[in-house]
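Chain order of the listed sequences is V and S. First residue of the first sequence? That's 1 in my numbering, and the numbers climb one at a time after it. First residue of the second sequence? That's 148 in my numbering, and the numbers climb one at a time after it.
Watch out, some of these pointers could steer you wrong.
Unchecked claim - Okay, derived cross-link-like pairs now, BS3-like style, lysine-lysine, Cα gap no bigger than 27 Å in a straight line:
hint, chain 1, residue 1, chain 2, residue 2
1, V, Lys51, V, Lys143
2, V, Lys51, S, Lys294
3, S, Lys456, S, Lys468
4, V, Lys143, V, Lys49
5, V, Lys51, V, Lys127
6, S, Lys428, V, Lys127
7, S, Lys428, S, Lys294
8, V, Lys143, V, Lys127
9, V, Lys49, V, Lys127
10, S, Lys294, V, Lys49
11, V, Lys127, S, Lys294
Just so you know, these hints were derived from the structure itself, not from any lab.
Chain by chain, the residues:
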Amino acid sequence: MNVTQWKNKMTDLSRRDFLKLIRNGFLYLSGVLVTGGLLRFLSYESEPKRKTEFDIGSADNYPLGSRTSIPEIPALLIHTESGYTALSLTCTHLGCTLEPNETGFACPCHNSSFDEAGNVIHGPAVKPLQVLRIEITDDGNIKVFTA
Amino acid sequence: MRPSFFHHLHPPTIPTAQARWRHTLAAGGTAIFLMLILGVTGILEMFYYIPNPEEAALSVQTITYLVPFGGFIRNLHYWSAQLLLIVSAIHLLRVVFTAAYSHPRRFNYLLGLTLFVIVILLDFTGYILRWDVDICYPLLTGTNLLKTIPLIGDALHRIAIGGGDACTSGLLRMYVWHIFGLTLPVIILGVWHAFRVRRDGGIAVPPPQVRTDNARISRNELVRREVLAMFVIGIALILLSSFAPAPIAPAMPTTPAAIGAAASQSARAPWFFLWVQQMLKWGDPFIFGIVIPIGILVLVALIPYIFPKPADSDIGTWFPKSNRFAQITIGLVSFIVILLTLLANAK
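The task is simple: from the sequences and hints, build the whole structure.
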């Protein structure tokens, strides 16, 4: 499109239509701004953040060979010769808490199941259970981190 | 007879065909009636309900067991809400099976479908307000589903429940969405929907030039029929509410450790979402919990736009030849949803 064609287009638009266009443009723009503002207003994180750090008491409470369920995380603390491991009991599919069964763990929500090491036996879950980071504090307590 | 206010809400006369029970199934009118009952009983419940995680379930118990007629009011609210879902679904099926969505009613079809979606969300948030051990996993999985949406998922999760942990927080948001954030749109869109029915020429029948049945009824007769429908539904509600109590479960514990133990006993979605829960057992939550349900909704919304326009003389008749595709589509969708619900129930 060359300049003269543009010029013709411009003169086709009457003053009335031009003002109407401007008015509608402003109306739509303000609608978008108000909606955006409303969504931002509503998306503030008002509830306390999920706890990510758990002090589960003295390491002596978890003797060698023990497998202890810590429901508040939820996780399973396993103490073997190679040390402590914390296996998350949150289903990797949609976040329900797993329940122990004969072969490992099962999800009550959508029937995923995992073996004792946290590998998927059958879906819908795809990812294996998360192994949580552990720290032993100076006073001998175990700390588990979920993030 | 001098017309009363209620008579004045109606046109002086309407074609008889628009008011036949076997044509309308009285579904739309019944939906309005149920919404009125829901509004009144809901406001009554607000006098006692406390939207705070520690006290919510106890306040529901107070309403149910201590307040005079409280259990009855709660049952009425519960049963009206369940019936509203069923009646809305019947209304949608009627509209598609009688080709009533056809131009110029396409826009009103979309308004109605939006209302249906909001009513489902109202049923879900209302169920969550019980805040007892039954609601933890449905709330957790429902809100975690939002998080699976790329880019906007986390923001949607915060908009829905304010972030945090689903079973210990989020109640205040669910409460405000239920009594205000979803109810206000239902009132506005509902009035608009009813206005558009009248603006588009009343309940769908063939246009005057191809109409074979030119009988009309007066508004007195119309109001008489409406009152009869309200009477029948009212009796059914009173019977249901007297003999079938709304579900209630022990209060949700307040510590995460105790919630885990209590919640595991009921991992069932509310009945109207069982079909989604069943699909979620098949795999990726974003695909089966978000993409497919929204895809189904979009397909249903597109019915008036993608299929051939039904013949004028077919509008308002049951299962006309000219809208077979639409009938098959909505029939298949209903069949799949019912089948999935039954499958979820079987296990």
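Worksheet item: If you draw a straight line from the CA of lysine 51(V) to the CA of lysine 143(V), is it 27 Å or shorter?
Response: The given pair, whose Cα atoms are some 12 Å apart, holds under the 27 Å limit.
Worksheet item: For the pair supplied as a hint, lysine 49(V) and lysine 127(V), is the alpha-carbon distance within the 27 Å limit?
Response: 24 Å, holds
Worksheet item: Taking 27 Å as the top limit, are the C-alpha atoms of lysine 51(V) and lysine 294(S) close enough?
Response: 18 Å, holds
Worksheet item: Regarding the pair lysine 127(V) and lysine 294(S), is the alpha-carbon distance no greater than 27 Å?
Response: 17 Å, holds
Discussion item. Lysine 143(V) and lysine 127(V) were given as a pair; does the straight-line alpha-carbon distance stay at or below 27 Å?
Written reply: Cα-Cα ~24 Å, so holds.
Worksheet item: Keeping to a limit of 27 Å between CA atoms, is the pair of lysine 51(V) and lysine 127(V) held or broken?
Response: The given pair, whose Cα atoms are some 22 Å apart, holds under the 27 Å limit.
Discussion item. So if I understand the rule, the pair passes when the alpha-carbon distance is 27 Å or less; does lysine 428(S) with lysine 294(S) pass?
Written reply: Holds. Lysine 428(S) to lysine 294(S) sits at ~18 Å (cutoff 27 Å).
Worksheet entry | Given hint lysine 127(V) paired with lysine 428(S) - CA-CA distance at most 27 Å | Holds - the C-alpha atoms of lysine 127(V) and lysine 428(S) are around 15 Å apart, at most 27 Å.
Discussion item. Need the status of pair lysine 294(S), lysine 49(V): alpha-carbon distance at most 27 Å?
Written reply: 15 Å, holds
Discussion item. Just to be careful, I want the Cα atoms of lysine 456(S) and lysine 468(S) compared with a cutoff of 27 Å; is the pair within it?
Written reply: At roughly 11 Å apart (the allowed maximum being 27 Å), lysine 468(S) and lysine 456(S) satisfy the hint.
Worksheet item: Is lysine 143(V) within 27 Å of lysine 49(V), Cα to Cα?
Response: 18 Å, holds
Violated hints are absent here; each numbered hint is respected by the structure.
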